[in-house]
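Q: Residues per chain are reported as follows:
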Amino acid sequence: MTASASARRALWPYAVAVLAVAVSLFPIFWILTIALKTRVDAFAMPPVWFFSPVWENFGKAWSSTGFSGAFLNSLIVCAIGNVLALAAGIPAAYYLNRRNVPGRRTILIWLLISYMLPEFLFIVPMYVLFQSIGLYDTVIGLALIYQVFTLPFTIWLLRAFFADIPEALAEAARLEGAGTLRIVWTIYVPIAAPGIAATVILNAIKMWNELTIALALTFEKAQTVTLAVAGFRGYASIDWGAMSAASIIIILPMALFAILAQRRIVQGLSLGAVK
Amino acid sequence: MSAVSLKGIDISYGSVDVVRNLDLDIKAGEFVVFVGPSGCGKSTTLRLIAGLEEGRSGDISIGGRVVNTVDPARRDVAMVFQNYALFPHMSVADNISFGMRLRGEAKETIAARVADVARMVGLKDHLHKRPGALSGGQRQRVALARAIVRKPAVFLFDEPLSNLDAEFRAAMRYELSRLHRDLGSTMIYVTHDQVEAMTMGDRIAVLAPLKQAGRSNLMQFGTPEEVYHRPANLFVARFIGSPPMNFFEGRAEGDRIRVGGLSLPGARHLPAALTVGIRPEHVRHEKPWFLAPAEGRIVGRTSDGAGHRVGENVDVHFATDRLHLFDRATGDRVAV
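Sequence lines, in order, name chains U and V.
Take the first sequence: its position 114, counted from the start at 1, is 114 in the working numbering, and no numbers get skipped.
Take the second sequence: its position 168, counted from the start at 1, is 168 in the working numbering, and no numbers get skipped.
Mixed in with the good hints, there may be bad ones.
[What the hints assert, rightly or not] Heads up, simulated SDA-like pairs for lysine to any residue below, C-alpha to C-alpha not over 25 Å straight-line:
| # | chain 1 | residue 1 | chain 2 | residue 2 |
| --- | --- | --- | --- | --- |
| 1 | V | LYS151 | U | ALA178 |
| 2 | V | LYS129 | U | PRO166 |
| 3 | V | LYS151 | U | THR180 |
| 4 | V | LYS129 | U | GLU167 |
In short, the hints are calculated from the structure, not lab data.
Extracted from the complex, chain U is given alone in its bound form (with noise of 0.2 Å):
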């Protein structure tokens, strides 16, 4: 093989990754152009490849009705839910591990079929059942109705995760005199801990682009930011720049936060690769 050619194959993996970011990131791109075009330039046909940026969007899409309001709701409905995910996922996690669980197996495929279940399917149920206690167009009912999907997630994912921890692990630990709430806590929570990361993250990202559960069970107090987003759509037209804007705006904390947590994802999408 001559120089030439292995240099040719060589560059091949970077052509497919460079293309691939193209085709994924165009969208964003396009969607970025129409938040700092004005409305005359948005629409332009051929489209306008130069222009000076406008902000005035950006400021309008946040000061628009309810879209500060949404934005917290879907930090606290992350939170929240996060929090209910790990508090039931952690446990269930480790004990589904173990050899000597009852309907071990059992618990473990129904878990996987609620998750893999459409989210429409528990709307009208939960519809009724939310409006009689209270928690219709609450962002802890949005919190615990988004466990359909996050628990059984939070619990394969932790479960693969503390797999990969050696059983005599806690046993040293028992001997030591730990009971199982203190190995979790102190043994498989702080070895597993980029796994966590890497589930947290996972499940932001999920709930925070969530739109039909949010859409049927919440009216208006708890209304998250994909519906913000949607809000712009008016009766007889649609505002693309402050849509665009409000777009981009939503796209920027789960952007912020895959850049920050990105070694740790890795690390926990990887642990137990390599023993």
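The hints should help you fit chain V onto chain U, whose structure is shown.
A: Just chain V now, kept in the frame of chain U:
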């Protein structure tokens, strides 16, 4: 230091019996080695003593107290695991003091005791490091220090040296023996390595898998000399010794034993079908003691360093007072 006693121990996993009818009395301060091939139940028995495994029946006593239902932490035992079982996110000092911190002991007491034990095992310069930054031998010392710091009545070792290289293993064998001498604690040590068993144990319990064992896993419980020179049955005779013992089929004829074309001195009332064994070091060729059969494969040791080619005819001689006789039907040793 406490005596450990096992009475009629049965352990099974589901419907599979692993240990059956095991009786053992370990004296206070004794170093006992459980040795045997894979699946003989040696680790399972050790874990039973620790309380990490449940038996189907039988009693476990430590220091005269039956501990069948006592929590592992309250049995006054410390265990060193094969893969060290160190907490990777804690420093060496925190690993060693884990139990003391759990019990809420004073910080000064913990620091003094940790420093003391770290000095004893040669870790005092590594206390701030995480286990990941240590070599295999150093990790094993941390595991050892974590056990020592508790001052337990009984130490349990589950193949603690099997992950170390040969050089370290020899050094650690010596150190563990020295530790036993210094602390005087009861120590139970599991290994499949007969060199470890023969060099470290005050007494050795040779265990066999139930498929080969029959009534009980325990094949013999005795000093290294007894186990080597007076194996209680064919299993022990085969398992202990490297290179292994030579075996020949023999028949009792009056007070003689016929092996191939040879007639060896025996005794009256021997079982008709016998297995005759002789250790390689008792097969000699430099000084005529007794002429060996000219057929079959025999392993011997040469002391003169003489090299022999494969296929070469060599006269070998057995020390007849060193023969081991076993009943071929039961496998048990036959006293002459």
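Q: Hint by hint, note whether the structure agrees.
A: Right, here's what the structure says about each hint:
no.: 1; hint: LYS151(V) x ALA178(U); verdict: 18 Å, holds
no.: 2; hint: LYS129(V) x PRO166(U); verdict: 21 Å, holds
no.: 3; hint: LYS151(V) x THR180(U); verdict: 24 Å, holds
no.: 4; hint: LYS129(V) x GLU167(U); verdict: 23 Å, holds
In this structure, none of the earlier numbered hints is contradicted; all agree with it.
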